[in-house]
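Q: In case you want the letters, here they are:
Number of protein chains: 2
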Amino acid sequence: MTNESLISQALEKKKAKHERFAEIDYIRLTDAQGGWPRGTVFLNNRAVPGYPSIGRVLNLEQGLEQQFYAPFHAEEKIDGYNVRIVKHEGHYLAFSRGGFVCPFTTDRLPDLIDTDILDSHPDLVICGEVAGPGNPYLEGHPPDISDEIVLLVFDLMRFDELGFFETTEKLNIIRQFNLPAVPYHGRFEPHQAQQIRDILPELDDRGVEGLVLKEEGARQKRAKYVTPASVVQDIRAMGDALMDMPAEYFTNRLLRLVLILEESPQLDSSQLRYELGCALIDPLLEAARNHPATHKVSHHFECRFRHRINAERFIQHISRAPQREIHSSVRSLEEDQDGYWVLTFERVFPRVSGLLANFLSGGQVHD
Amino acid sequence: MTNESLISQALEKKKAKHERFAEIDYIRLTDAQGGWPRGTVFLNNRAVPGYPSIGRVLNLEQGLEQQFYAPFHAEEKIDGYNVRIVKHEGHYLAFSRGGFVCPFTTDRLPDLIDTDILDSHPDLVICGEVAGPGNPYLEGHPPDISDEIVLLVFDLMRFDELGFFETTEKLNIIRQFNLPAVPYHGRFEPHQAQQIRDILPELDDRGVEGLVLKEEGARQKRAKYVTPASVVQDIRAMGDALMDMPAEYFTNRLLRLVLILEESPQLDSSQLRYELGCALIDPLLEAARNHPATHKVSHHFECRFRHRINAERFIQHISRAPQREIHSSVRSLEEDQDGYWVLTFERVFPRVSGLLANFLSGGQVHD
Chain A
18 MTNESLISQA
28 LEKKKAKHER
38 FAEIDYIRLT
48 DAQGGWPRGT
58 VFLNNRAVPG
68 YPSIGRVLNL
78 EQGLEQQFYA
88 PFHAEEKIDG
98 YNVRIVKHEG
108 HYLAFSRGGF
118 VCPFTTDRLP
128 DLIDTDILDS
138 HPDLVICGEV
148 AGPGNPYLEG
158 HPPDISDEIV
168 LLVFDLMRFD
178 ELGFFETTEK
188 LNIIRQFNLP
198 AVPYHGRFEP
208 HQAQQIRDIL
218 PELDDRGVEG
228 LVLKEEGARQ
238 KRAKYVTPAS
248 VVQDIRAMGD
258 ALMDMPAEYF
268 TNRLLRLVLI
278 LEESPQLDSS
288 QLRYELGCAL
298 IDPLLEAARN
308 HPATHKVSHH
318 FECRFRHRIN
328 AERFIQHISR
338 APQREIHSSV
348 RSLEEDQDGY
358 WVLTFERVFP
368 RVSGLLANFL
378 SGGQVHD
Chain B
18 MTNESLISQA
28 LEKKKAKHER
38 FAEIDYIRLT
48 DAQGGWPRGT
58 VFLNNRAVPG
68 YPSIGRVLNL
78 EQGLEQQFYA
88 PFHAEEKIDG
98 YNVRIVKHEG
108 HYLAFSRGGF
118 VCPFTTDRLP
128 DLIDTDILDS
138 HPDLVICGEV
148 AGPGNPYLEG
158 HPPDISDEIV
168 LLVFDLMRFD
178 ELGFFETTEK
188 LNIIRQFNLP
198 AVPYHGRFEP
208 HQAQQIRDIL
218 PELDDRGVEG
228 LVLKEEGARQ
238 KRAKYVTPAS
248 VVQDIRAMGD
258 ALMDMPAEYF
268 TNRLLRLVLI
278 LEESPQLDSS
288 QLRYELGCAL
298 IDPLLEAARN
308 HPATHKVSHH
318 FECRFRHRIN
328 AERFIQHISR
338 APQREIHSSV
348 RSLEEDQDGY
358 WVLTFERVFP
368 RVSGLLANFL
378 SGGQVHD
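Note that the protein sequences, when read in sequence, are chains A and B.
The numbering used here puts the first residue of the first sequence at 18, with every later residue one more than the last.
The numbering used here puts the first residue of the second sequence at 18, with every later residue one more than the last.
Worth flagging that the hints you see were computed from the coordinates, not collected in a lab.
Being a predicted model, the structure only gives us computed values, none of them experimental.
Every residue, glycine too, gets a C-beta built ideally from N, C-alpha and C.
There could be a bad hint or two in this list.
Stated by the list, open to error - From chain B, some residues computed to sit far from chain A (all C-beta separations above 12 angstroms): (1) 43; (2) 350; (3) 354.
Said to hold, decoys possible - Derived EDC-like pairs: lysine to aspartate or glutamate, alpha-carbon spacing no greater than 20 angstroms straight-line: (4) 238/B with 384/A; (5) 313/A with 280/B; (6) 313/B with 280/A; (7) 104/B with 133/B.
Excised from the complex, chain A in its bound form:
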């Protein structure tokens, strides 16, 4: 089936949507269709493949043997957001996981990567993680990223082709073009769980999120595995808003943490228990203390744009998310001395805001 007929079928079945960014029309798949994953983007009928979900293993000893049939490469997993970068009709565009042009990342591409590689390889799709304190999507960021935002490349794909470049080929291209990339931790066999476990304490100390493991060969099997520190960071990041998160936000992470400790007792400590307690108590306690002044629980974001128009497009972009639950509210958009446009906005958590308002004013609950 040609992309053209696939797209019209997908549109008909409501599995694809027309979108527009600046003067660029594109189509994104809202569900997997015809072999293309959800989030696949069509630019003039050419497919930018969606970035597939990577399964998590919670036990390395069994998980590696079960999931991998061949040697695999270990790369650092970065706590940021996933983008795919392409060149299209002279424009460099960054697409989100769901297949939207991300106005923020697209605006900031010149700060993140030397796009020359896309001029000489126009078919390339660069997959990477954007992370740092200046990112507009995530509360929290890797502790060792002090730059406002960085892009770290972890995969290369091509237009119209499912699947990724092999790790060795990818590492060659990354070196050749001096691309910023996720740290690489070596090649392992499925029976080498202990060798992977030996890497973890150093990652955990540095507050690294974890590892992504990528099998060699045609299956392109992948798996991810995280550190205790990253679980505590995740919980702390949303500690004041846990009541606005899906129930599984907390219980999944707790299960992850416990299964890591079951397998790697050297990562266990009293300090970890104390920090988990702090992550749960401190952000919510601060929110409760501030509530009489703020009347709400919210997270503040400040992000910088090269062009005002992109900040405005970003505002439109975040206002498309369902606003019934957590909602975003713009505070200011002002030009900085260096010519960048600084957007400040907040994500408001209505459930915990309401609960605190009720209880701090003496309300009663029957539970």
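Start from chain A and add chain B according to the hints.
A: Positioned in the frame of chain A, the structure of chain B alone reads:
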């Protein structure tokens, strides 16, 4: 409306059910009806009033002023299960919150209370909490109750009358009949939040669940307030089974804990954070370590009956609960040297059991 016509209406509307215990037929309200709360029991058309739910305040300073219009009495809140004890046709019966005869409590009444009071006051309904390590309903028990089970009386009612005895009258009767009762902490005014807060550190140190506050006068307004220690105990008790609990089990308790600390910083400590971390990690970690041998997560109960027939009725009673989720499974029923019948059973938590089985065997999850 007479009780008789109310009962037939309730049965017709499916808000009441016929039940049977031994040779005793009774009717219980599954919903509030005609002014009687859910759990009200009709014995030969005479009402044993249901025990109403008591609302929780999470901020004393505001909560007391908002909820109470008159002085109130503070009693210790015990972490057990609520029963109402009556005499009916020569039998002493204990009813659960939902209005079932509890075969366990009914069997053990001679060990719990001198029932003479019901012979001289046949209209009396004694309301109390049953707690202790030998109770068949709750994992965990107050740390200072070392007896297998105890009953602690906290309210008196009469057949066919809504509402409770005034606290002073109740305390007189408790003294007169030497009834075991919940500890009493005095009489306070709504503006005396600080005086209530001053009681809390001692309760918290002893691991007491908290306080129930009961207003004097016709409104019979009540409120409950808990200690940080009880929150951590609750979480520890279900720490290995959090994934089988409603999402709110954890988040409600976390909010309680934080609002207590917001108002009473003297109850806050590093130790509390450490203990919260332990309560979340340790039971689940132990369950994960035991899983290869046990293949499941379950809590074990051992409870003693005076009469074998009541143990059998209890088994029937617990098997009536919906078994799709947490389910009970009997292990043994044997006569002890002292003539008591010892029932051992377990509550199995299928969700966490399945998750551990999957992940410990190397399964992958996309989340």
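Q: Output the numbers, in ascending order, of every earlier hint that fails for this structure.
A: Going through the list in order, the structure violates no hint and respects every one.
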